[in-house]
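Novice: Residue numbers (the working numbering), protein chains in the order written: chain A, 1 to 187; chain B, 188 to 247.
Hints in this document: simulated from the structure, not taken from any laboratory.
No residue lacks a Cβ here, since even glycine has one placed at the ideal position from N, Cα and C.
Each hint should be verified, as a subset may be incorrect.
Just the calculated beta-carbon pair ranges, DEER-fashion [claimed, not checked]: (1) A/Arg105 to B/Ala205: 41 to 51 Å; (2) A/Arg105 to B/Glu217: 28 to 38 Å; (3) B/Asp202 to A/Arg107: 40 to 50 Å; (4) A/Arg109 to B/Ser232: 40 to 50 Å; (5) A/Asn37 to B/Arg214: 23 to 33 Å; (6) A/Arg14 to B/Asp202: 42 to 52 Å; (7) B/Ala205 to A/Asp104: 35 to 45 Å; (8) B/Ala205 to A/Arg109: 36 to 46 Å; (9) B/Asp202 to A/Ser18: 41 to 51 Å; (10) A/Asp125 to B/Asn216: 19 to 29 Å; (11) B/Asp202 to A/Gln12: 41 to 51 Å; (12) A/Asp125 to B/Arg214: 18 to 28 Å; (13) B/Lys228 to A/Arg107: 15 to 25 Å; (14) A/Ala142 to B/Arg221: 20 to 30 Å.
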Amino acid sequence: MTNEPLTLTQLQSRDEVSGFCCREGPGAEDLEDFLKNDALRYENDYLSRTYLVWSESRLVGFCTLSAGSVRFRAEGEKTQAEAGLEGIGLPMPGVLLGRLAVDDRFRSRGFGRGIFEWALGLARDRIAPYVGCRWLFIDAYACRREWYERLGCKIAGKAPPNASGADTIKMCFDLFPPEEPTLDLWG
Amino acid sequence: MARPLEFEYVIECEDPAAEVARLLSMRPNEAALRTLREVDKLDWSRLKLAEPRKRSSTTE
Chain A
1 MTNEPLTLTQ LQSRDEVSGF CCREGPGAED LEDFLKNDAL RYENDYLSRT
51 YLVWSESRLV GFCTLSAGSV RFRAEGEKTQ AEAGLEGIGL PMPGVLLGRL
101 AVDDRFRSRG FGRGIFEWAL GLARDRIAPY VGCRWLFIDA YACRREWYER
151 LGCKIAGKAP PNASGADTIK MCFDLFPPEE PTLDLWG
Chain B
188 MARPLEFEYV IECEDPAAEV ARLLSMRPNE AALRTLREVD KLDWSRLKLA
238 EPRKRSSTTE
């Protein structure tokens, strides 16, 4: 990441985020909309944590983290609606990187990678030692797939279209990849 | 309103148990190793992870 001195804070109601500008590329405006209109509501309901990255008083970018999981369901198996409370498939726990965005004026300077590495480090070094989670899951816009792949993320699998119809993909990063293939306990 | 956060994904596959086993045993690629090496260098004392807010402060 850049050598500029940065400050990292958790989103609070008094934070001035109205100047954040993210308009370039598919999904960008949704990221801006989320920060300005929705992130604080999730914060106050304890559903997510949004972290802001500042360079002096300028908001450089943000990321939003929550607990999350991926369920692997056999094709043709009951849907969630059919299964009800019994649930479906095999769930795998992780930390969800629900949003990551950099202000257009700070693009191509390594801030996005820096924020991603910070989120990854937080999940691996600060959360996983206390709460079981194997992956960082990423809810990414399809147009960002290559960017995340360059960081080592993989496609988690084909997910059904989401309710909003947005063109997103579900990716994952293994926090604790084995040096050697592990014993197959799940087969 | 922006697209809502999706806390859980459902991935369809032929054999869930085999898919989970495959993911758990998958070795990292070069890109992932490079990122993990960068994460190893993070200086948490310098980053000063934001302190969790107290419940009362959320309604300020």
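Novice: Is the gap between the beta carbons of A/Arg105 and B/Ala205 within 41 to 51 Å?
Specialist: 46 Å, holds
Novice: Does the hinted range 40 to 50 Å hold for A/Arg109 and B/Ser232 at CB?
Specialist: At 24 Å between Cβs, range violated.
Novice: CB of B/Asp202 to CB of A/Arg107, is that within 40 to 50 Å?
Specialist: Given a distance of about 41 Å, which is inside 40 to 50 Å, the answer is holds.
Novice: Between B/Ala205 and A/Asp104, does the C-beta distance stay in 35 to 45 Å?
Specialist: Since B/Ala205 and A/Asp104 have Cβ atoms about 43 Å apart, the given range 35 to 45 Å holds.
Novice: Taking the Cβ atom of B/Lys228 and the Cβ atom of A/Arg107, is their distance within the range 15 to 25 Å?
Specialist: Since B/Lys228 and A/Arg107 have Cβ atoms about 23 Å apart, the given range 15 to 25 Å holds.
Novice: Could you say whether the range 23 to 33 Å given as a hint is met by the Cβ separation of A/Asn37 and B/Arg214?
Specialist: 41 Å, violated
Novice: Quick check on a hinted range of 20 to 30 Å for A/Ala142 and B/Arg221, using CB atoms only.
Specialist: Check passed, 23 Å falls within 20 to 30 Å.
Novice: Just tell me: holds or violated, for the beta carbon distance of A/Arg105 and B/Glu217 against 28 to 38 Å?
Specialist: This hint holds: roughly 32 Å between Cβ atoms.
Novice: Falls inside 18 to 28 Å, the C-beta gap from A/Asp125 to B/Arg214?
Specialist: 21 Å, holds
Novice: With 19 to 29 Å as the target window, see if A/Asp125 and B/Asn216 comply at their CB atoms.
Specialist: 21 Å, holds
Novice: Do the Cβ positions of B/Ala205 and A/Arg109 conform to the proposed distance bound of 36 to 46 Å?
Specialist: 42 Å, holds
Novice: Return holds or violated for the Cβ distance of A/Arg14 and B/Asp202 against the range 42 to 52 Å.
Specialist: 51 Å, holds
In this structure, the earlier hints numbered 4, 5 are contradicted, and the remaining ones agree with it.
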